[in-house]
Amino acid sequence: MNTEFALEVSHLTKNYRDFSLNDVSFSLPTGCIMGFIGENGAGKTTTIRSILGMIQKKEGTINILGASQNECLPKINEHLGIVLNECTFPETLTTSDVSTIMKHIYKTWNNTSFSNYMDRFALPKKKKIKDFSTGMKTKLSIAAALSHDSRLLILDEATSGLDPIAREEILDVFLEFIQDENHSVFMSSHIVSDLEKICDYITFLHKGKILFSESKDVLLDSYGIYKCSKEEFDKLDASCVKAIRENKFGIEALVSYNQVKRQMSASSSSCMDRASIEEIMLMLVKGKQCTA
Amino acid sequence: MKGLIIKDLIVLKGQAKIPLLIVAVYLCFTFFSNDDMTMYHSMGTMIFSVLVITALAFDERSGWDKYSLTMPVGRNAQVYTKYLLSFLFPFIFLLFNLVVKQFLFHGLTIDTAKSMVLVTCIGVFYIALVLPLAFLLGTEKSRLLMMLIIFVPAIAIFAYIKLASGTISSTAITSITTDFTNLFSKHFLFIPLVAIVMLLLSLLVSRGIYQRKEF
Amino acid sequence: MNINISNSNGQPIYEQIFSQIKSKIISGDLKEGDALPSMRLLAKELKISVITTKRAYEELEREGFLTTLTGKGSFVAAKNVDFIKEEMLRLVEDSLQQAVEASRSCSLSLEELTDILKLLYNEQ
Chain A
1 MNTEFALEVS
11 HLTKNYRDFS
21 LNDVSFSLPT
31 GCIMGFIGEN
41 GAGKTTTIRS
51 ILGMIQKKEG
61 TINILGASQN
71 ECLPKINEHL
81 GIVLNECTFP
91 ETLTTSDVST
101 IMKHIYKTWN
111 NTSFSNYMDR
121 FALPKKKKIK
131 DFSTGMKTKL
141 SIAAALSHDS
151 RLLILDEATS
161 GLDPIAREEI
171 LDVFLEFIQD
181 ENHSVFMSSH
191 IVSDLEKICD
201 YITFLHKGKI
211 LFSESKDVLL
221 DSYGIYKCSK
231 EEFDKLDASC
241 VKAIRENKFG
251 IEALVSYNQV
261 KRQMSASSSS
271 CMDRASIEEI
281 MLMLVKGKQC
291 TA
Chain B
1 MKGLIIKDLI
11 VLKGQAKIPL
21 LIVAVYLCFT
31 FFSNDDMTMY
41 HSMGTMIFSV
51 LVITALAFDE
61 RSGWDKYSLT
71 MPVGRNAQVY
81 TKYLLSFLFP
91 FIFLLFNLVV
101 KQFLFHGLTI
111 DTAKSMVLVT
121 CIGVFYIALV
131 LPLAFLLGTE
141 KSRLLMMLII
151 FVPAIAIFAY
161 IKLASGTISS
171 TAITSITTDF
181 TNLFSKHFLF
191 IPLVAIVMLL
201 LSLLVSRGIY
211 QRKEF
Chain C
1 MNINISNSNG
11 QPIYEQIFSQ
21 IKSKIISGDL
31 KEGDALPSMR
41 LLAKELKISV
51 ITTKRAYEEL
61 EREGFLTTLT
71 GKGSFVAAKN
81 VDFIKEEMLR
91 LVEDSLQQAV
101 EASRSCSLSL
111 EELTDILKLL
121 YNEQ
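Chains as they are written, first to last, in the working numbering: chain A, 1 to 292; chain B, 1 to 215; chain C, 1 to 124.
The following block holds chain A by itself, in its conformation from the complex (with noise of 0.2 Å):
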C-alpha cells in the first residue's frame, strides 16, 4: 500500500451550533510527522474526529492511506494507530486483559512488541487500569496502537498529561515509528515545543479555519520577530508584516525574516529574531493581523 500521502483531508466542514469547521484541507506526506496545532477550542478534535469517522461531515472528502474513508474503512484501521486524550480501555481491565482482547481485534496484533512495550514504559501486567495514573494510560494506549501493523498513527492530545521526561520518551518512540519511511504521524497538542521538535510538517487551526499547513522548516526560515518602534515600523514595507503587537514602549511584528533583515539599518535600536512555531501561533491569534 505505497501511496504519496497518509491522510488527505479536502474542504472538510462540519457546522455545529456555535462553532464550525470551515473548508479545512491539508495532507501528509507519507513518511512524515505532522503537528497539528491550535488555541483550544479551535476544533482540533472535531476534525480528527471527522477524519476518524466518529462524526459525520457536512462537506469533504478524506483519504486515509490511500482510501477513501467512504469506503472501505474497517480494513483500513487494521493499519491505523489511534491514541485519543482520554484511556479508552474499560477502567477493570488489565494489560494481559488488553492483550487478550486486541489479538482477537487486529489481525496483525503482535503480542512480543505489545509486551517489549509494557517493560520498556514500566507497565505493570496484573494491575488494573483504574490504578494507573494518567501517564500510564496514555503509554498504554500507544503501546496497543503500534502493536499492530500500524502505519498511520493519529494522536489526540496524546502527551498533554504527561510530564517533560516521558514526553521525551514517547516522542522518540514516534521518532522510532518514523523510521520505516511507510509510516507516518498526524499528531495534534497544544505543547507546541514538542512539536517544533519532531514535526517535519505543521498545520495550524484558527477558529475552524487553517491558518497555514507548511514544512516546519519553510517556517522556521521564512518568519522572524521584529521589535521596533512606531516610526521604524512604518518604514517597512506593508507586504512583509503579517501580525503585529502594540506595547506602550514599542511593536512587535511578525514579519518576513529575509525582506526586513534587508531592510534593517544597523544603527537602529530595533531587533530580529528567528520566529519559533509558538510565537508564530501566538502573534496569529493574538496580535492585530495585517493582510497586504
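There may be inaccurate statements among the hints.
If you want the footprint, here are the derived chain C segments under chain A, 3+ residues with CB under 8 Å [to be verified]: (1) 41-47; (2) 60-70.
Ranges between beta-carbon positions, derived for each pair [to be verified]: (3) B:G138 to C:R62: 35 to 43 Å; (4) B:F215 to C:G71: 38 to 46 Å; (5) B:I92 to A:E91: 25 to 33 Å.
If you're looking for bench data, these hints aren't it; they were derived computationally from the structure. This one's a predicted model, so the numbers in the text were calculated from it and none came from an experiment. From the three backbone atoms N, C-alpha and C, an ideal C-beta is built for every residue, glycine too.
Given chain A's structure and the hints, the job is docking chains B and C onto it.
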C-alpha cells in the same frame, strides 16, 4: 467481533459477582423453602437480561465506544455483540433452570417449562425495547425510560385488573393470569417466535441508530 | 561520526549539517565509499525533522560530495579533487588577506610578514 465479545465478557466477569450472588442466594432460599421457582427465575431473568446494559455503560464511560470505531470491526459489530449477549445470557439461564428444576425441584412439567419460557421471553422482549433506547440516548439518559417501561405496563395491568374485577384480590389476579395462560397455551410456540422477531427488529433499529450516531 | 547542532547560532540546521559533513569529507575523516547514516536515523538521533536531513543530503549530493543509491543509502563520493583544491585555495587567500590587513594596520613590512609565515609553516 470475537474481540468485542471477549471484552464484554471480561468486563462483566468483574461486575457480575454481585448479581450472581443474589441469584445464587435466591436459588438456595427457594430450595430450602420448597417454593416454586417462579420468583427466582423471574428475578434472575431480569438481572441477566439487563447485564448487557452494564457492558454498554462501561463502553460509554471509558470511551471504548469511540475507540472501537477506529478498529477493523465496523460500527455494526458493537451492536451485534450486545444483541448476541442480550439473548445468550437469559437463554443460558433458562436452560440452567430447566435442568435444575428437573433434577433438584421435583421434576419438570410441561406447564412449568412453558411458564419459565414465557418469563424468559418477557425478559428478551424487554431488552429488545430497551437496547435501542440505550444506543440512542446513552445508558445514563435512558435509565429513566427503562424504569418506565417496566412500571407503566405493571401499573396498566393493575389498573385493568381493578377495573375488570372491582377489587384487587389475589383470586382476581390468578383468574386473569389463568385466562391469559390458557390463551397462550394453545398457541404457545408463537411466544418465543414473537420474542425473537422483536429482538431482530430491535437489532435493525439499533443498527440504524448506531450508524448515524455521532461521538 | 560527530555532528553537533546549535539551535541558537542563527544558521539554519540543514546548513550546519551540510557544512559539518562537508568538512569531514574534505579533511578525510570520511573517506570515499564510507556509508553515511540514513537520513531518518540522523533525524531521529539529532531529534530534528527528516526533511531537514534530506535537504542537507540533497545539497551534498548536488555539490558532488555524496551519492545516494536507492535501497542502499548514501555514500561518500569520489573526491572531486580540483574542487576541493579550489576551496582550500580560497580559504588560504581569505586567511592571508586578513593577515595582510592586520599587518598594514600595525605597520608590519612584507619582509617581516614573510618571516612569520616561514616560521609558522616550518613549525608544523
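Pairwise beta carbon distance, G138 of chain B to R62 of chain C, judged against the given window 35 to 43 Å:
violated, 60 Å
Test coverage of the stretch 41-47 of chain C by chain A using CB-CB distances below 8 Å; three residues minimum.
holds (count 4)
G71 of chain C and F215 of chain B - C-beta distance against the hinted 38 to 46 Å:
holds, 43 Å
Count the residues of the stretch 60-70 of chain C whose Cβ falls closer than 8 Å to any Cβ of chain A, and tell me whether that reaches three.
Violated - the stretch 60-70 of chain C has 0 residues with a Cβ nearer than 8 Å to chain A, which falls short of three.
Note whether the CB distance of I92 of chain B and E91 of chain A lies within 25 to 33 Å or breaks it.
At roughly 27 Å between Cβ atoms, E91 of chain A and I92 of chain B fall inside 25 to 33 Å, so the hint holds.
Violated hints, in rising order: 2 and 3; the structure is consistent with all others.
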